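Chemist: Given these sequences and hints, build the entire structure.
Chains R and B supply the protein sequences, listed in that same order.
The first sequence: position 319 = 318 (numbering that gives the first Met the number 0), numbered continuously.
The second sequence: position 42 = 41 (numbering that gives the first Met the number 0), numbered continuously.
What the hints contain is simulated information worked out from the structure, not anything from laboratory work.
Please read all numbers here as calculations on a predicted model, not as lab measurements.
Warning: the hint list may mix true and false statements.
No copy labels: a pair is met if it fits in one copy or bridges any two.
[What the hints assert, rightly or not] Calculated lysine-lysine pairs in the DSSO-like style (CA-CA distance at most 30 Å, straight line):
(1) Lys29 <-> Lys118
(2) Lys302 <-> Lys187
(3) Lys29 <-> Lys162
(4) Lys104 <-> Lys193
Protein chains: 2
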Amino acid sequence: MNTNKRTEISTLGEFGLIEHLTKELTPGNKETLLGVGDDAAILCYGSNEEVLLSTDLLMEGINFDLTYFPLSHLGYKAAMTSFSDIYAMNGTPKQLTVSIAVSKKFCIEDLEDFYQGLKLACNRHNVDIVGGDTSASVTGLAISITVVGTAPKGTTVKRSGAKETDLICVSGNLGAAYMGLQLLEREKIAADGKDIQPDFSGKEYILERQLKPEARKDIIDKLREEGIKPTAMIDVSDGLSSELMHICKQSKAGCRIYEERIPIDYQTAIMAEELNLNVITCALNGGDDHELLFTVPIADHEKVAAMKDVRIIGHIVNESMGLALITRDGVEMELRAQGWVANDK
Amino acid sequence: MNTNKRTEISTLGEFGLIEHLTKELTPGNKETLLGVGDDAAILCYGSNEEVLLSTDLLMEGINFDLTYFPLSHLGYKAAMTSFSDIYAMNGTPKQLTVSIAVSKKFCIEDLEDFYQGLKLACNRHNVDIVGGDTSASVTGLAISITVVGTAPKGTTVKRSGAKETDLICVSGNLGAAYMGLQLLEREKIAADGKDIQPDFSGKEYILERQLKPEARKDIIDKLREEGIKPTAMIDVSDGLSSELMHICKQSKAGCRIYEERIPIDYQTAIMAEELNLNVITCALNGGDDHELLFTVPIADHEKVAAMKDVRIIGHIVNESMGLALITRDGVEMELRAQGWVANDK
Numbered sequence: 000m001n002t003n004k005r006t007e008i009s010t011l012g013e014f015g016l017i018e019h020l021t022k023e024l025t026p027g028n029k030e031t032l033l034g035v036g037d038d039a040a041i042l043c044y045g046s047n048e049e050v051l052l053s054t055d056l057l058m059e060g061i062n063f064d065l066t067y068f069p070l071s072h073l074g075y076k077a078a079m080t081s082f083s084d085i086y087a088m089n090g091t092p093k094q095l096t097v098s099i100a101v102s103k104k105f106c107i108e109d110l111e112d113f114y115q116g117l118k119l120a121c122n123r124h125n126v127d128i129v130g131g132d133t134s135a136s137v138t139g140l141a142i143s144i145t146v147v148g149t150a151p152k153g154t155t156v157k158r159s160g161a162k163e164t165d166l167i168c169v170s171g172n173l174g175a176a177y178m179g180l181q182l183l184e185r186e187k188i189a190a191d192g193k194d195i196q197p198d199f200s201g202k203e204y205i206l207e208r209q210l211k212p213e214a215r216k217d218i219i220d221k222l223r224e225e226g227i228k229p230t231a232m233i234d235v236s237d238g239l240s241s242e243l244m245h246i247c248k249q250s251k252a253g254c255r256i257y258e259e260r261i262p263i264d265y266q267t268a269i270m271a272e273e274l275n276l277n278v279i280t281c282a283l284n285g286g287d288d289h290e291l292l293f294t295v296p297i298a299d300h301e302k303v304a305a306m307k308d309v310r311i312i313g314h315i316v317n318e319s320m321g322l323a324l325i326t327r328d329g330v331e332m333e334l335r336a337q338g339w340v341a342n343d344k
Numbered sequence: 000m001n002t003n004k005r006t007e008i009s010t011l012g013e014f015g016l017i018e019h020l021t022k023e024l025t026p027g028n029k030e031t032l033l034g035v036g037d038d039a040a041i042l043c044y045g046s047n048e049e050v051l052l053s054t055d056l057l058m059e060g061i062n063f064d065l066t067y068f069p070l071s072h073l074g075y076k077a078a079m080t081s082f083s084d085i086y087a088m089n090g091t092p093k094q095l096t097v098s099i100a101v102s103k104k105f106c107i108e109d110l111e112d113f114y115q116g117l118k119l120a121c122n123r124h125n126v127d128i129v130g131g132d133t134s135a136s137v138t139g140l141a142i143s144i145t146v147v148g149t150a151p152k153g154t155t156v157k158r159s160g161a162k163e164t165d166l167i168c169v170s171g172n173l174g175a176a177y178m179g180l181q182l183l184e185r186e187k188i189a190a191d192g193k194d195i196q197p198d199f200s201g202k203e204y205i206l207e208r209q210l211k212p213e214a215r216k217d218i219i220d221k222l223r224e225e226g227i228k229p230t231a232m233i234d235v236s237d238g239l240s241s242e243l244m245h246i247c248k249q250s251k252a253g254c255r256i257y258e259e260r261i262p263i264d265y266q267t268a269i270m271a272e273e274l275n276l277n278v279i280t281c282a283l284n285g286g287d288d289h290e291l292l293f294t295v296p297i298a299d300h301e302k303v304a305a306m307k308d309v310r311i312i313g314h315i316v317n318e319s320m321g322l323a324l325i326t327r328d329g330v331e332m333e334l335r336a337q338g339w340v341a342n343d344k
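Modeler: And the structure:
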């Protein structure tokens, strides 16, 4: 949090604060008729478009740790992860609302930092910030982001359309964000509250994957260019295993993926070794990757095989065959899902 | 919170919990193409419609106190207050997403209670629950509600359209929800943690206004029937004073309202007397009324004067004249706004 300059939120009050944070927000999309400042934003979509709506709630101490997560990065990440949900529907994000609840430990400069990251992400993806809410909080920070997107009628891709023999593809690589988190947690424990600057050289990539993820608009664009419409798609937020289970459950299908095909970055592998973790387990169950996981008809094999930064990792099978990972030595292992469990307090 | 039966959330896990809470949600609106269960909901609006988007974040200990606020009522109120924002734009709410973060003190039955109230409100206003998010929380409960509504093109009413000589109108009566809150707070302190059932007879109305507010769809319907389009409109959530300031600021106008015209219910007045509070101050600054405050051209005077449950309380004047209340004895008092200030922790 901001330690240089500290202006108490009470100096502005609720309405002053909203005005201060949102004063430079000029909507750029033609679909945004009215942004921040009324009871609701006003949007307008053509009759040939479908409107996509997704929402996320992020809680301090659960979804993020401000000890090592700068607020500007948090704003950036909160926006990016919500855009990722819209891309995972094969849509384009257009508008965003943000609500924040803050305890008194936060000052105006902290919220400015948060908004700065949020705005940067929105600018990069041409998304308008059109509304929100602010509240006090007894302890900590709570952030709620809602994003609205659009897609031409009939082009959205759900989780439920995967068919037997479809190829399972994933963008980028997996487990890197989780490794970045493990590294940050280790250094936090090592620093033990003291202001030590750890040496992160050679580990920049995994840190960036955790602290500054990018929503894969580029993959959606490429798929369109190639004329490929996935049969099912989801964004990898809880780990590959969990997302495959969502697709298979909703598509009433099973799957086989191959250990040797799972894309892992070099830094992810090194870090896993350093921490004595199985890197494949990290890729399967580590969250926050925000890569796109999708299935395509086998007829598109050549096209997807040639796509940069996309890897075919397996295929869809009959529901009765269940979900399995084939290890390098040919053993079938059942996939299991992860999710959060309520904490202890 | 639920004390009869207690099932830990961990028995279901995140995905099981979402499925459990949302399993009976069948969208009823033709505009809802896909509800809960994917990365985003899919909506479809005609090209002659505008889409309205509004969001609220509610924090335990700030926006509600579970000591006296049953979770089913909280769900109902959270939905109703968000619908109120859409009605205040002269629109119709259609879809809602709900995100909840819960600490371990909450069990599945608690969340069922919350959802029961939420669903009841949604059923009454024909709103589809189409998505959401769940998270753990370090302490307490956080709720984020986003509501999407619609209005035929060109029929939305902003805060910014009030003109000099327009009449200022308000639905229902004011200060009742605030009085209900004062009563609940008083009984909470009196009970001091002991399980005493206070006698609330003769005070049911003010309690209901706090615990079970109703969004004023009926007023919007009546205005349409009468062919009245307000020039500006807002819902009264932070108190009359604050809402008048929003309308006047955004309309670049001033106002005069008359103390004797401010609608106060009998129970509100009695309670104010009991607590030795000025009832007009409560109406001006007490929140949570969720009545509609709107302005109409003076030409509509006869029509609005004849409307049941609507009161003309004053008129819009030139910006240079400022905002004032004219007391019963003819004194002009400047109106001042309220808002939240960050708490102490």
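Chemist: From the Cα coordinates, with 30 Å as the cut-off, is the pair Lys29 and Lys118 best called within, between, both, or neither?
Modeler: Intra 18 Å, inter 34 Å, cutoff 30 Å: intra-copy only.
Chemist: With 30 Å as the alpha-carbon cut-off, assign the pair Lys104 and Lys193 to within, between, both or neither.
Modeler: within (19 Å within a copy, 33 Å between copies)
Chemist: When no copy is specified for Lys302 and Lys187, does a C-alpha distance of 30 Å or less occur within a copy, between copies, both, or neither?
Modeler: neither (44 Å within a copy, 67 Å between copies)
Chemist: At most 30 Å between CA atoms: does that hold for Lys29 and Lys162 within a copy, between copies, both, or neither?
Modeler: between (37 Å within a copy, 28 Å between copies)
In the structure shown, a violation is registered for the earlier hint numbered 2 alone.
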